[in-house]
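Numbering-wise, the sequence shown is residues 188 to 527 according to the numbering used here.
No wet-lab data here; the hints were simulated from the structure.
The reader is advised that the hints may include incorrect statements.
[Stated by the list, open to error] Only pairs whose alpha carbons sit at most 30 Å apart, straight line, appear in this in silico DSBU-like list of lysine-lysine:
#	residue 1	residue 2
1	198	372
2	357	414
3	262	198
4	459	361
5	498	459
6	375	514
7	498	372
8	514	372
9	198	505
10	514	459
11	198	498
12	357	429
13	323	262
14	506	459
15	344	372
16	361	505
17	361	323
18	262	357
19	414	498
20	372	361
21	414	429
22	198	414
23	344	361
24	375	344
25	375	498
26	414	323
27	429	459
28	506	198
29	361	262
30	361	498
31	498	429
32	361	429
33	344	505
34	357	198
35	323	372
Keep in mind that this is a model prediction, so the values were computed, not measured.
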Amino acid sequence: MPLFLPDFDLKNFNTLAISARARFYVSVTNEQELREALQFAAQENLPLLVLGGGSNIVLNDDFPGLALHMRTQGKTVVAQDDERVWLQVAAGENWHSLVEYSLNYHYWGLENLSLIPGSVGAAPIQNIGAYGVELKDVFEELVAVDIRSGLPVTFTKDACAFGYRDSVFKNRLKDQYVITSVTFKLHKNPQPNLTYPVLAEAFSDRQINEINPQDISQMVCSIRQQKLPDPAQIPNVGSFFKNPVIARAQAERLQQMYPELAIYPVDEDRVKLAAGWLIDRAGWRGYLEGGAGVHARQALVLTNPGGASGKTILALAKKIQQSVAEKYGVDLEPEPRIYP
Numbered sequence: 188m189p190l191f192l193p194d195f196d197l198k199n200f201n202t203l204a205i206s207a208r209a210r211f212y213v214s215v216t217n218e219q220e221l222r223e224a225l226q227f228a229a230q231e232n233l234p235l236l237v238l239g240g241g242s243n244i245v246l247n248d249d250f251p252g253l254a255l256h257m258r259t260q261g262k263t264v265v266a267q268d269d270e271r272v273w274l275q276v277a278a279g280e281n282w283h284s285l286v287e288y289s290l291n292y293h294y295w296g297l298e299n300l301s302l303i304p305g306s307v308g309a310a311p312i313q314n315i316g317a318y319g320v321e322l323k324d325v326f327e328e329l330v331a332v333d334i335r336s337g338l339p340v341t342f343t344k345d346a347c348a349f350g351y352r353d354s355v356f357k358n359r360l361k362d363q364y365v366i367t368s369v370t371f372k373l374h375k376n377p378q379p380n381l382t383y384p385v386l387a388e389a390f391s392d393r394q395i396n397e398i399n400p401q402d403i404s405q406m407v408c409s410i411r412q413q414k415l416p417d418p419a420q421i422p423n424v425g426s427f428f429k430n431p432v433i434a435r436a437q438a439e440r441l442q443q444m445y446p447e448l449a450i451y452p453v454d455e456d457r458v459k460l461a462a463g464w465l466i467d468r469a470g471w472r473g474y475l476e477g478g479a480g481v482h483a484r485q486a487l488v489l490t491n492p493g494g495a496s497g498k499t500i501l502a503l504a505k506k507i508q509q510s511v512a513e514k515y516g517v518d519l520e521p522e523p524r525i526y527p
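Turn these sequences into a full structure, and let the hints steer you where they fit.
This is how it looks when you write it as structure tokens:
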């Protein structure tokens, strides 16, 4: 029987270091404990907050339910052939530790996603992505437990309905499943992805056959460390806003006003803008208010250096959204999930 801890402070379990209390907290290390935790929540009529690394949540207030912390561990090669390997990974595994594991075996696929904070189980919910790669590009399937029935269900890539920082688990199936494992399809042979401009530039003096996944991972880590603060040093959830996708015609009008504005094609009719650029040029970089702030090197990152409340951080986010909307006519959408 797992231990249910009442009136539990979640400050050390979210990377924004927001002090908010859960009515109950439980750490889950296997599927039997998960079933018992779900039964407890059902019996007590408690809402669930499923925690992984706590890197993509904002605690706006105390949570009136059960904070269920997935700490399951394990990696298993479930299939392989001459070119590929299918690796099943428990939801509680640390994401970057998984990347390092894949590098040790010279598997290709995860290197561009190095140093992203959080857990494996949270990665499909957000369809995490960086430097030209998204989780869906290496995804095979996942297993999740139905919260109501306690039964496991397998989801294919199509069933997950992946989109830009999005999946079915953020929409139609929100709060209905707990992901227990994810299976990745990785490559044994070289598959370098240098489509992202900063990586293409970094390796411009190298032949493609001279590059290994460790090289790409090290470069990605170096770039991230230069641009993004370590949550252990400065509390944050990484990118606070999604890069907005807008109509191409609107983007072209903005480019006439701001020639330095970069646009990234999505399809024939839509383009993506850099949210960090918009926030920076709106004058928010380095701003501090009430213990919350905007990072001095990357305006896309909201930080909590002064131990601010979730309400204070969200109030700052709202001011930034209003400012960008007024200046550019572009709406910014937060990336992290807000609880409760």
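| Violated hints - listed by number, lowest first | 1, 6, 7, 8, 25, 33
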